[in-house]
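Student: Taking the hints into account, I'd like the entire structure generated from these sequences.
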Amino acid sequence: GEDVEQSLFLSVREGDSSVINCTYTDSSSTYLYWYKQEPGAGLQLLTYIFSNMDMKQDQRLTVLLNKKDKHLSLRIADTQTGDSAIYFCAEGRGSTLGRLYFGRGTQLTVWP
Amino acid sequence: EAQVTQNPRYLITVTGKKLTVTCSQNMNHEYMSWYRQDPGLGLRQIYYSMNVEVTDKGDVPEGYKVSRKEKRNFPLILESPSPNQTSLYFCASSPPDQPQHFGDGTRLSIL
Numbered sequence: 002g003e004d005v006e007q008s009l010f011l012s013v014r015e016g017d018s019s020v021i022n023c024t025y026t027d028s029s030s031t032y033l034y035w036y037k038q039e040p041g042a043g044l045q046l047l048t049y050i051f052s053n054m055d056m057k058q059d060q061r062l063t064v065l066l067n068k069k070d071k072h073l074s075l076r077i078a079d080t081q082t083g084d085s086a087i088y089f090c091a092e093g094r095g096s097t098l099g100r101l102y103f104g105r106g107t108q109l110t111v112w113p
Numbered sequence: 008e009a010q011v012t013q014n015p016r017y018l019i020t021v022t023g024k025k026l027t028v029t030c031s032q033n034m035n036h037e038y039m040s041w042y043r044q045d046p047g048l049g050l051r052q053i054y055y056s057m058n059v060e061v062t063d064k065g066d067v068p069e070g071y072k073v074s075r076k077e078k079r080n081f082p083l084i085l086e087s088p089s090p091n092q093t094s095l096y097f098c099a100s101s102p103p104d105q106p107q108h109f110g111d112g113t114r115l116s117i118l
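If you're matching them up, the sequences are chains A and B in order.
Under my numbering, think of the first position of the first sequence as 2, with each following residue one higher.
Under my numbering, think of the first position of the second sequence as 8, with each following residue one higher.
Read the hints as simulated data drawn from the structure, not as lab findings.
The structure displayed is predicted, hence computed values, not measured ones.
All residues carry an ideal CB built from backbone N, CA and C; glycine is no exception.
Each hint should be verified, as a subset may be incorrect.
Claimed, not checked - Derived list of chain B stretches under chain A, where covered just means 3 residues or more per stretch with a C-beta under 8 Å from a C-beta of chain A:
id, region
1, 35-47
2, 50-59
3, 108-114
Claimed, not checked - 30 Å max Cα-Cα, derived DSSO-like pairs, lysine-lysine:
id, chain 1, residue 1, chain 2, residue 2
4, B, Lys24, A, Lys37
5, B, Lys25, B, Lys76
6, B, Lys64, A, Lys37
7, B, Lys64, A, Lys68
8, B, Lys64, A, Lys71
9, A, Lys57, A, Lys37
10, B, Lys78, A, Lys37
Tutor: What follows is the structure, encoded as structure tokens:
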């Protein structure tokens, strides 16, 4: 996971947008993923993007991929208190199929 | 219901006592993996398997063994557990090059 970097904490007010950033290092990455982990729970796949795409939108979630800078972001519109969780960025590398490399996770706290 | 099932969910045991954490998936997935999650370190891959009888080391394989005799099962074996293996463990499965589905986790405490 040391090659995937994320900021550790983010706090936002309810109703604002949240943007969680991630950088990775392997240019052969095929898929990039965002997972959500609520307290005491497992990992829930939120969304993912294939490396030949720039953007993917799914309801309140927008994923942006800048392949040149190896930068991935997750934007959550109209953030709710139920969005409070840890968000993990992960990359799947074409050179090592079956392996996922995770960042350390970003703790998102949403204040009412 | 499609799912990845881990057992046990919680275990407290002592150093040196062999234990096995089972993982089973009902989605006929080829890929299966084991991860451990430690505070501040995110998830690190222990072992993964691309199909029956095909396994390979991840980033932190020391002290662990796995086997993949059947497609649906991928047990994690700790032959001689030590306190530094106290962690939260996740099993995951997926078809090739598709997102991984995770189990609910197994919290292990080694005293």
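Student: For the region 108-114 of chain B, do three or more residues have a beta carbon lying closer than 8 Å to a beta carbon of chain A?
Tutor: holds (count 5)
Student: Taking 30 Å as the top limit, are the C-alpha atoms of Lys78 of chain B and Lys37 of chain A close enough?
Tutor: holds, 27 Å
Student: Please count how many residues of the region 50-59 of chain B have a CB within 8 Å of a CB from chain A and say whether that reaches 3.
Tutor: Held - the region 50-59 of chain B has 6 residues with a Cβ nearer than 8 Å to chain A, which meets the minimum of three.
Student: For the pair supplied as a hint, Lys57 of chain A and Lys37 of chain A, confirm whether the alpha-carbon distance does not exceed 30 Å.
Tutor: It holds: about 17 Å lies between the C-alpha atoms, which stays within 30 Å.
Student: Within 30 Å, alpha carbon to alpha carbon, are Lys64 of chain B and Lys68 of chain A?
Tutor: Distance of about 28 Å is within 30 Å: holds.
Student: For the region 35-47 of chain B, count the residues whose Cβ lies under 8 Å from any Cβ of chain A; is that count three or more?
Tutor: With 4 residues in contact (Cβ-Cβ under 8 Å with chain A), the coverage given for the region 35-47 of chain B holds.
Student: Mind checking the alpha carbons of Lys64 of chain B and Lys37 of chain A for me, to see if they're no more than 30 Å apart?
Tutor: holds, 25 Å
Student: Regarding the pair Lys24 of chain B and Lys37 of chain A, is the alpha-carbon distance no greater than 30 Å?
Tutor: Measuring from Cα to Cα gives roughly 33 Å; hence the hint is violated.
Student: For Lys25 of chain B and Lys76 of chain B, compute the direct alpha-carbon distance and say whether it is at most 30 Å.
Tutor: holds, 20 Å
Student: Taking only the CA atoms, is the gap from Lys64 of chain B to Lys71 of chain A under or equal to 30 Å?
Tutor: This hinted pair holds, its Cα atoms lying about 26 Å apart.
Hint violations for this structure: number 4 only, all remaining hints satisfied.
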